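Number of protein chains: 2
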Amino acid sequence: MKFTTHALLCVLVLSLASCARPGPPSEAMDLAQVRQALEAANAKFVEAFNRGDAAAVAALYTDDATLLPPSSDLIRGRQGLQDFWSAAMKAGLKDVALTTVDVWGSGDTACEIGKYSVTVQPEGQERRADSGKYLVVWKRQTDGSWKLQADIWNSNLPPQ
Amino acid sequence: MKFTTHALLCVLVLSLASCARPGPPSEAMDLAQVRQALEAANAKFVEAFNRGDAAAVAALYTDDATLLPPSSDLIRGRQGLQDFWSAAMKAGLKDVALTTVDVWGSGDTACEIGKYSVTVQPEGQERRADSGKYLVVWKRQTDGSWKLQADIWNSNLPPQ
Numbered sequence: 001m002k003f004t005t006h007a008l009l010c011v012l013v014l015s016l017a018s019c020a021r022p023g024p025p026s027e028a029m030d031l032a033q034v035r036q037a038l039e040a041a042n043a044k045f046v047e048a049f050n051r052g053d054a055a056a057v058a059a060l061y062t063d064d065a066t067l068l069p070p071s072s073d074l075i076r077g078r079q080g081l082q083d084f085w086s087a088a089m090k091a092g093l094k095d096v097a098l099t100t101v102d103v104w105g106s107g108d109t110a111c112e113i114g115k116y117s118v119t120v121q122p123e124g125q126e127r128r129a130d131s132g133k134y135l136v137v138w139k140r141q142t143d144g145s146w147k148l149q150a151d152i153w154n155s156n157l158p159p160q
Numbered sequence: 001m002k003f004t005t006h007a008l009l010c011v012l013v014l015s016l017a018s019c020a021r022p023g024p025p026s027e028a029m030d031l032a033q034v035r036q037a038l039e040a041a042n043a044k045f046v047e048a049f050n051r052g053d054a055a056a057v058a059a060l061y062t063d064d065a066t067l068l069p070p071s072s073d074l075i076r077g078r079q080g081l082q083d084f085w086s087a088a089m090k091a092g093l094k095d096v097a098l099t100t101v102d103v104w105g106s107g108d109t110a111c112e113i114g115k116y117s118v119t120v121q122p123e124g125q126e127r128r129a130d131s132g133k134y135l136v137v138w139k140r141q142t143d144g145s146w147k148l149q150a151d152i153w154n155s156n157l158p159p160q
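Chains A and B, in that order, are what the protein sequence lines are.
The letter at position 3 of the first sequence is residue 3 when you use the numbering used here, and the numbering goes up by one with no holes.
The letter at position 47 of the second sequence is residue 47 when you use the numbering used here, and the numbering goes up by one with no holes.
No lab work stands behind these hints, which were simulated from the structure alone.
These numbers were taken from a predicted model, which means no experiment stands behind them.
Treat the hints with caution; some may be incorrect.
Straight-line C-alpha distance at most 27 Å; calculated BS3-like pairs for lysine-lysine [to be verified]:
#1 A:Lys147 x B:Lys94
#2 A:Lys147 x A:Lys44
#3 A:Lys115 x A:Lys44
#4 A:Lys90 x A:Lys115
#5 A:Lys147 x A:Lys115
#6 A:Lys94 x A:Lys147
#7 B:Lys90 x A:Lys147
#8 A:Lys44 x A:Lys94
#9 B:Lys90 x B:Lys147
#10 B:Lys90 x A:Lys90
#11 B:Lys44 x A:Lys115
#12 B:Lys147 x B:Lys94
DEER-style ranges, computed between Cβ atoms [unchecked claim]:
#13 A:Gly52 x B:Lys94: 39 to 45 Å
#14 A:Gln36 x B:Asn50: 42 to 48 Å
#15 A:Gln36 x B:Gly80: 42 to 48 Å
#16 A:Asp53 x B:Gly80: 18 to 24 Å
#17 B:Arg35 x A:Gly80: 23 to 29 Å
#18 B:Gly52 x A:Lys44: 42 to 48 Å
#19 A:Ala40 x B:Asp30: 39 to 45 Å
#20 B:Gln125 x A:Gly52: 38 to 44 Å
#21 B:Gln141 x A:Thr100: 23 to 29 Å
Here are some of the chain B residues that sit facing chain A, going by a computed Cβ distance under 8 Å [claimed, not checked]:
#22 Pro70
#23 Ile152
#24 Leu157
For each residue, glycine too, the CB sits at the ideal point set by N, CA and C.
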C-alpha cells in the first residue's frame, strides 16, 4: 500500500506539473511545425487560386470564416467567400504568391503575417502588379489541420 | 493509509480531468470578459487618438507590435508605430470611432474583428468620411491587461 501511495503521489505531482498554471498552456505550441502547416495550406491556396478554382480556395476557410477585403464590407461564410474569390478571378486577379513573415499564437489559434503579390489584368486592360501584406487568423481543426478563420489584406501601393 | 490512497486517487482523477486532452485548454477563455477588456482598451485608443496623443496610442501596443497600414509596407516596433500615428494625425485623421464585432481566441492570444469610422481633413482640403474594418490580434500581458500585437485595416470605400 505504501508503494501504491508513493506511486500515486508521483503520478499526481507529474500530472499537476504537466498542466501547471499560471501562464497559458498553449505557449507550448510548436511554432516551427505550425508554420510548416500554414505554409502548406498557403501553397494549396495559391495552387487553387492560380488554376481559377474558387470552390477549392473557399474550402480552405472554416465554415464561418470572415473575409475583410479592401473596398468591400466584411463577408461571412464559405459561400460568400467563394463568390468573392470567383468574382476576383473574373476581374483578372492571377499569379498570386504568398510569403509567410511571422507565425505565433496559442492553443487552436494561430496568427500569420505575410506578404502577397498578384497580377491584375482585367479583360482588354493593361496588366499591373499589386503587392501588399495580410493578417490571417487560422483555426486548428479537430483532425489537426488548419483553416483560415479570418483573412484581411491591403496593398502597399498608393490608391489606384 | 487507505484513506490517504483514496484521497490521492480522487485528487489525481480531478486534476487530470481539469486538464483533460484533447482540445485546447485555452477554450476556457472567458470571451465576455476578454471582449470587455478589449473594448476598454479600444476606448483608450480612441480617446488618445482624438486628442492627438500618438505616444499614448503607441503605448497600447506591445513593444514588438506590427502595424500593417494601407499604402505602406508593414511597420514594426513601438517607435515606428508612434511615428506612423503622429503622421496620420498631422495628415488630418480625426474623430476615430471603433466598434467591436467579434472576439475569439485562446490562451494569451485574442482576435478582434471590428469596424472603424474616421474623418479625414487635410489642411486646406475638403473634409471626407472614411469607414472600414480591422483585424487586431491582442496579446495578454503578465499583469492581465491586453495590448495590440498586430493591427491591420482597410476601407470599405472604393480607392480615392
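How the hints compare with the structure:
no.	hint	result
1	A:Lys147 x B:Lys94	36 Å, violated
2	A:Lys147 x A:Lys44	11 Å, holds
3	A:Lys115 x A:Lys44	16 Å, holds
4	A:Lys90 x A:Lys115	23 Å, holds
5	A:Lys147 x A:Lys115	18 Å, holds
6	A:Lys94 x A:Lys147	22 Å, holds
7	B:Lys90 x A:Lys147	40 Å, violated
8	A:Lys44 x A:Lys94	15 Å, holds
9	B:Lys90 x B:Lys147	24 Å, holds
10	B:Lys90 x A:Lys90	39 Å, violated
11	B:Lys44 x A:Lys115	30 Å, violated
12	B:Lys147 x B:Lys94	22 Å, holds
13	A:Gly52 x B:Lys94: 39 to 45 Å	43 Å, holds
14	A:Gln36 x B:Asn50: 42 to 48 Å	43 Å, holds
15	A:Gln36 x B:Gly80: 42 to 48 Å	29 Å, violated
16	A:Asp53 x B:Gly80: 18 to 24 Å	39 Å, violated
17	B:Arg35 x A:Gly80: 23 to 29 Å	24 Å, holds
18	B:Gly52 x A:Lys44: 42 to 48 Å	46 Å, holds
19	A:Ala40 x B:Asp30: 39 to 45 Å	33 Å, violated
20	B:Gln125 x A:Gly52: 38 to 44 Å	42 Å, holds
21	B:Gln141 x A:Thr100: 23 to 29 Å	26 Å, holds
22	Pro70	4 Å, holds
23	Ile152	5 Å, holds
24	Leu157	7 Å, holds
Hint compliance for this structure: hints 1, 7, 10, 11, 15, 16, 19 are broken, all remaining hints hold.
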